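Asks: Chain by chain, the residues run as shown.
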Amino acid sequence: DAGVIQSPRHEVTEMGQEVTLRCKPISGHNSLFWYRQTMMRGLELLIYFNNNVPIDDSGMPEDRFSAKMPNASFSTLKIQPSEPRDSAVYFCASSFGLGQRANRPQHFGDGTRLSIL
Amino acid sequence: DQQVKQNSPSLSVQEGRISILNCDYTNSMFDYFLWYKKYPAEGPTFLISISSIKDKNEDGRFTVFLNKSAKHLSLHIVPSQPGDSAVYFCAASASNNDMRFGAGTRLTVKP
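Going down the list, the sequences are from chains D and C. This note's numbering applies: residue 1 is where the first sequence begins, and numbers increase by one. This note's numbering applies: residue 1001 is where the second sequence begins, and numbers increase by one.
No wet-lab data here; the hints were simulated from the structure. Just so we're clear, the structure is a prediction, and the values are computed from it rather than from any experiment. Some hints here could point you the wrong way.
Said to hold, decoys possible - A few chain C residues that face chain D, going by a derived Cβ cut-off under 10 Å, partial list only:
# : residue
1 : Tyr1036
2 : Lys1038
3 : Pro1044
4 : Phe1046
5 : Leu1066
6 : Ser1069
7 : Phe1101
Even for Gly, the Cβ is constructed at its ideal location relative to N, Cα and C.
Could you put together the complete structure from these sequences and hints?
Replies: Spelled out as structure tokens, the structure:
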């Protein structure tokens, strides 16, 4: 079974550029989550979708960040314009069920390491 | 605000001994707790969980203990193996689907 697939694995770009991160959840999962991992704050939830609808985007840091889920098998996280402080590892995760309840553990992708110069 | 805290950024243990990873939380609405393990260049993987109606859950070498009055949980690994070397994240969730992760503890098990 294919797990959660994220692309690219690494992204290095200059500040001000648009960055698009991609995620393909596990087939059959109906919740999708975007996280950001930093040394200071650990894993932070940015946004999550249920049945392709954004449910909670309170973790999105600012208007420069946007996320979409046009269908059940694809989601994007976009940063425009990017800034050096956005440098982090971004994870996508999926699960079956509503929300983040632990009785349906999330399956994580291997992450995208983003570096903004 | 950090609602879930892992105050030890790192822990080193000898192979065969017990590893104890600790986690504290502040939100009394949290009622379900998990531990995830993360290897370098990979995403976190679910390890073990516990509901607030229990104070202990065991799965092989891994046991999670929950002390609700102290808002504290711990993960015990016995015996520790070199392959257990990873970053361990504690997470807590509430019935409103709010969930928070700790910053992680890096465990090194020395042969």
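Asks: Would the stated hint for C/Pro1044 survive a check requiring a Cβ distance to chain D of less than 10 Å?
Replies: Holds, about 5 Å.
Asks: Hint C/Phe1101 vs chain D: min CB-CB distance below 10 Å?
Replies: OK, holds: C/Phe1101 within 10 Å of chain D, min 4 Å.
Asks: For the restraint on C/Lys1038, tell me whether the closest CB of chain D is nearer than 10 Å.
Replies: OK, holds: C/Lys1038 within 10 Å of chain D, min 8 Å.
Asks: At a threshold of 10 Å, is the proposed contact between C/Ser1069 and chain D supported by beta-carbon distances?
Replies: Status violated, d = 21 Å.
Asks: Does C/Phe1046 pass the interface check with chain D, least Cβ-Cβ distance below 10 Å?
Replies: OK, holds: C/Phe1046 within 10 Å of chain D, min 4 Å.
Asks: Using 10 Å as the Cβ threshold, decide whether C/Leu1066 counts as touching chain D.
Replies: violated (12 Å)
Asks: For the restraint on C/Tyr1036, tell me whether the closest CB of chain D is nearer than 10 Å.
Replies: holds (8 Å)
Against the hints set out earlier in the document, violations occur for numbers 5, 6.
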